[in-house]
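Top to bottom, those sequences are chains G, U, A and D. Quick note, the first sequence lines up with residues 102 to 446 if you use this note's numbering. Quick note, the second sequence lines up with residues 102 to 446 if you use this note's numbering. Quick note, the third sequence lines up with residues 102 to 446 if you use this note's numbering. Quick note, the fourth sequence lines up with residues 102 to 446 if you use this note's numbering.
Just to be clear, a hint being listed does not mean it is correct.
[What the hints assert, rightly or not] Below, computed lysine to aspartate or glutamate pairings styled on EDC-like, alpha-carbon distance capped at 20 Å: (1) Lys215/U / Glu380/G; (2) Lys411/D / Asp413/G; (3) Lys379/U / Asp413/G; (4) Lys411/A / Asp323/U; (5) Lys379/A / Glu331/D.
[Claimed, not checked] To give an idea of the interface, some chain U residues facing chain A are shown, with a C-beta separation under 7 Å as derived from the structure: (6) Gly177; (7) Ser181; (8) Arg402; (9) Pro416; (10) Thr419.
Derived from the structure by calculation, the hints contain no laboratory data. The C-beta atom is built at its ideal place from N, Cα and C for all residues, glycine as well.
Number of protein chains: 4
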Amino acid sequence: MKRMRALVKTSPDTVELQQVPVPEPDASQVLIRDSAAALCGTDLHVYRWNTWARNAGIQLPVVMGHECCGEVVAAGAAVSGLHPGDKVAVETHIPCGNCLQCRNGEQHICANLKLFSIHTDGCFAEYAVVPGVCARKIPEAISSRVGAVMEPLGTALRSALEMQVAGASVLVTGCGPIGLFAVASAAALGATRIIASDVSPNRLEIAGRMGAHRNVDPGAEDLVAAVLAETGGTGVDAVIEASGNVSAIQQAFRCLRKGGRVALVGLPDRPLELEIGKEVVFKEAKVVGIHGRTMFETWTRMENLLVSGKLDAMPAITHVLPLERWKEGIDLASNATACKVVFEP
Amino acid sequence: MKRMRALVKTSPDTVELQQVPVPEPDASQVLIRDSAAALCGTDLHVYRWNTWARNAGIQLPVVMGHECCGEVVAAGAAVSGLHPGDKVAVETHIPCGNCLQCRNGEQHICANLKLFSIHTDGCFAEYAVVPGVCARKIPEAISSRVGAVMEPLGTALRSALEMQVAGASVLVTGCGPIGLFAVASAAALGATRIIASDVSPNRLEIAGRMGAHRNVDPGAEDLVAAVLAETGGTGVDAVIEASGNVSAIQQAFRCLRKGGRVALVGLPDRPLELEIGKEVVFKEAKVVGIHGRTMFETWTRMENLLVSGKLDAMPAITHVLPLERWKEGIDLASNATACKVVFEP
Amino acid sequence: MKRMRALVKTSPDTVELQQVPVPEPDASQVLIRDSAAALCGTDLHVYRWNTWARNAGIQLPVVMGHECCGEVVAAGAAVSGLHPGDKVAVETHIPCGNCLQCRNGEQHICANLKLFSIHTDGCFAEYAVVPGVCARKIPEAISSRVGAVMEPLGTALRSALEMQVAGASVLVTGCGPIGLFAVASAAALGATRIIASDVSPNRLEIAGRMGAHRNVDPGAEDLVAAVLAETGGTGVDAVIEASGNVSAIQQAFRCLRKGGRVALVGLPDRPLELEIGKEVVFKEAKVVGIHGRTMFETWTRMENLLVSGKLDAMPAITHVLPLERWKEGIDLASNATACKVVFEP
Amino acid sequence: MKRMRALVKTSPDTVELQQVPVPEPDASQVLIRDSAAALCGTDLHVYRWNTWARNAGIQLPVVMGHECCGEVVAAGAAVSGLHPGDKVAVETHIPCGNCLQCRNGEQHICANLKLFSIHTDGCFAEYAVVPGVCARKIPEAISSRVGAVMEPLGTALRSALEMQVAGASVLVTGCGPIGLFAVASAAALGATRIIASDVSPNRLEIAGRMGAHRNVDPGAEDLVAAVLAETGGTGVDAVIEASGNVSAIQQAFRCLRKGGRVALVGLPDRPLELEIGKEVVFKEAKVVGIHGRTMFETWTRMENLLVSGKLDAMPAITHVLPLERWKEGIDLASNATACKVVFEP
């Protein structure tokens, strides 16, 4: 049996780079050779085995990692439209296909949603098995490194699409990878005033290169005051909230103009207080939760934007490392020096 | 100078039915003879001079009341499209006409919004002066009593329109006048499963007559459990939140299916805790604040629905009284025996 | 090998009720026992083998019929969510699953679309094989006769949904089955003024029972004049064109108000002249072609409407016959005496 | 009485640069000092007094010209939000304010629409009187030359907004000013593949500079074949038809993918044949007529795009002339050498 290197969470306390058998796809799956895989905040949760990870339904041992790009090696008998040699990126939301949401164009929020690398083995390995429905064939013109971050990039792009940013002002709170991708997406879609907030000067600097017109460090200046000043006192047309920070979310609503739109992408770790009457009802705010990419409208537009060069993900990829240096990658991602870390297996 | 009877809030402690001069419209206003005027929760706040009322910017003395129907008596020189004898209902949101919102199709949430009877004298009187832009000519086929409640009815109808209820399940939380009107609106627009919740058996009984298929008293049974049971465990497609009750709002989100829609109409009196991650992001909830009627798309559809008989506001109008019996009206509206009280000046 | 009765188009000149083998489903298909099947205009084209039928890509012999309801007898290994005993209706659009449209939420207009009973055997038989993706499980509360017409009913309902008919006026041109279903759908969704046009008094009479407020026989009165008179000279808010008649289409655009919406459902048999400048550009008409039901948002709402009783398809089903009397059914459907004919195999 | 130079259509055969009295605004109007005014195809019709012009309801003599930018000199008593010194561009659609369309957010397609310079005097003059509702205050950062073309630019931008071009392919047929502006708008909004067609090599060259990725001269190559080749046989996601040419419109529909969108902006001079069944119904095309800019959502986004530099109108302005050289301007605009000609009075 062929074997491969894989980064495995073996126990609550242990992560190891191991030799494990190359997995075999069933009729509905494909086997891919991973060419690049990106580190996500979720991977850090699993690494640290925090409360979220302990309750996520993960069966140990598990191969870590879910954002990746690779090449199809073998496709199951029931998989159509994919062939060995196809370049693919992985959609990490695994739909059941039969629930109300799956049958109504919302399979990315399937009632019985499974997540790649949480409910299955993942992609920090030489090979990975992926459900056929989740292996998205992408153009050769998209590099593997960019292919590896299309999952978070798609979440950001979808937020910008929902926010109707053309000719509008946008506040992006939180400049981690999704926030930075949201800045770039908003810029590509014609947002005319992009304000980015984060406490990290590194990330704000990248935001500027990706299209932000104004950076705000909420530790150094008042975010609400800054946004109102930038918008003549009116507030922004749209907010893309990518921090998950409770205070940022509360401030984001105060930055919004009457009639404005909010995309909530970041996941706060606790319930939060909102002044619903003042900030939502009186403002007639339109708020939408974004948990992923539509399958696959978002991908179609994203691929076109990447191939055309109108959207560039590279400035947010600050580090590319061989998988052997996984520990260094995790350390880099744990502080705000790095933004997106990509492993090449 | 001609005089008229008017219900006047004269001081923090006093409301009196007085003889006052009939007001005169300026060039941009119309004078109407009130034929019916309805009592709203806001009027109770003003009557009691509670915290909200004290901070609302009201200049005493003020003629109370803002929901009304009447006949144009005189129109200012700059008012077009209105003539003596026209039957009108009053849109209570007074837009400035020049702000971003007013110039972008959102004048009902004008940045400098004034409210009829808060920033002007109101309509619990024989005559009232109304800005020309807010005097909506309505068909003669709509009775004055119904004309008097078109303002809250329109808020409810707009919520149902935004929620895309055709062939869908809808939870309406709170069966005060707006909640009941939301039930009737959802029914008229093809909602196929309407669940209404309130603690008042009277109001739930009316909800049943207006189109609710299932009533829930959240004091007697668990709302979330009841809704999940009614929807096969999926949750409702849409919620219209018309109670403003903190607990109801929190439960409403838990009743929502993944991908569902929420209209927030009720005004909670304090900030409230929401599990944004679980109830908005993961669910990809689409939440919209509703502060009024669009000017005047909502009115156009509402008039058509009323004239056709597809929408009937009457079951929620439980009491019609002459203005002299205003104190009785306020007492009735203060407890859940009455629903909508209409005065006939 | 088990055999069954089936109505077979055996040659350009011949249709016969034959004994043929019960078909066997492959891994992706289901076998259903047909309980009711409805006659469609397309079946008449195949029967007569007209120009359209000769060029449709039909391989003779073929079992005729595509609108049907039945019970799952066996499901292929790759089919999920369907089990023997399930009541199903048939979605007749067979998507490829891999084209741009299929991967972007538009599989009902798949670039490589196949049609049930055109590119496969159909359902005028005791049993039929149906692609798993096209076998839609429906509630038991929907009768087989109604289940058999859900395909055209869904087309009509989708038109009404796209036209945003709540509180609006609607002109439905052509009162064949789809037109009548469009009348009923518009009524269920809150259309407040429904004008139906057809040259058949029988069908207009049914239109009245299904919700039309005004009938127009364009042979007896001027359609445009009648519609303008009904709408105070403004024109209708929306048109659902279900006749495919060139003159009706042209008149329908003249009946439309500025800013109105048009759903084109009927298929004209030749190119037609339109005054694009006057009727589309100056009016800013919003025109949408409707070729089928979305898979399966339309079905979800349709099932809810049928089960709730808000939508009733029965008045348009004028005849129910055993399959043996197929020739009588075809004769009935060929003239305007009958509307929808349903066979029970 | 103060006098000014003005280009006047004095009789069917005559256009003259005359000295005429400076007009006086009434209470609802403003007087502006024109700083730049652009020549439109409509002006050529009036100049030549063709069939369209003879039937347009023009009262001679009339001051020609409707696209312009200027400075407010005086504002009528009933005009709010405008003050002497304000820089304004002119919205040329004059709404009545009282019709169904005006009261439903569609005043730009008012049922009783009047057009600036057709039903009023125009702006090829030192001064012009403009209805207050049509004088749009614009940022100082927008140059007068660009301000003068915001009317056609807005029509183009609105088309691009309606077509949802982000990450999509777009065909723009016709590269006159509106077509070129549509190319630039689509590019600014994230269209990833823009194909421009025109018979003029000059205009195609400008299209390339404004964002087109591929130019097609339909006189030299087959447009439909070229578009299909560019899109892998699928067809474009969206078409913006800006030629008004019958053949171009017919071909545009054949270039469209199934599920695609079409904005019809150009005005054909005669009815045209369309294969409704094949090109609209089977494709489920979404077709929208565009007659102008929404008042004033389109303007808001346009101003932001211009100020941010994301949208640049200048490449289409090929000639700037003093008003004295009006005849030269008309000659230039009559052939495809020039694109947009701007006069500076």
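_Output the indices of the hints that this structure fails to meet, ascending._
Of the numbered hints given earlier, those the structure breaks are 3, 4, 5, 6, 7, 9 and 10, listed in rising order.
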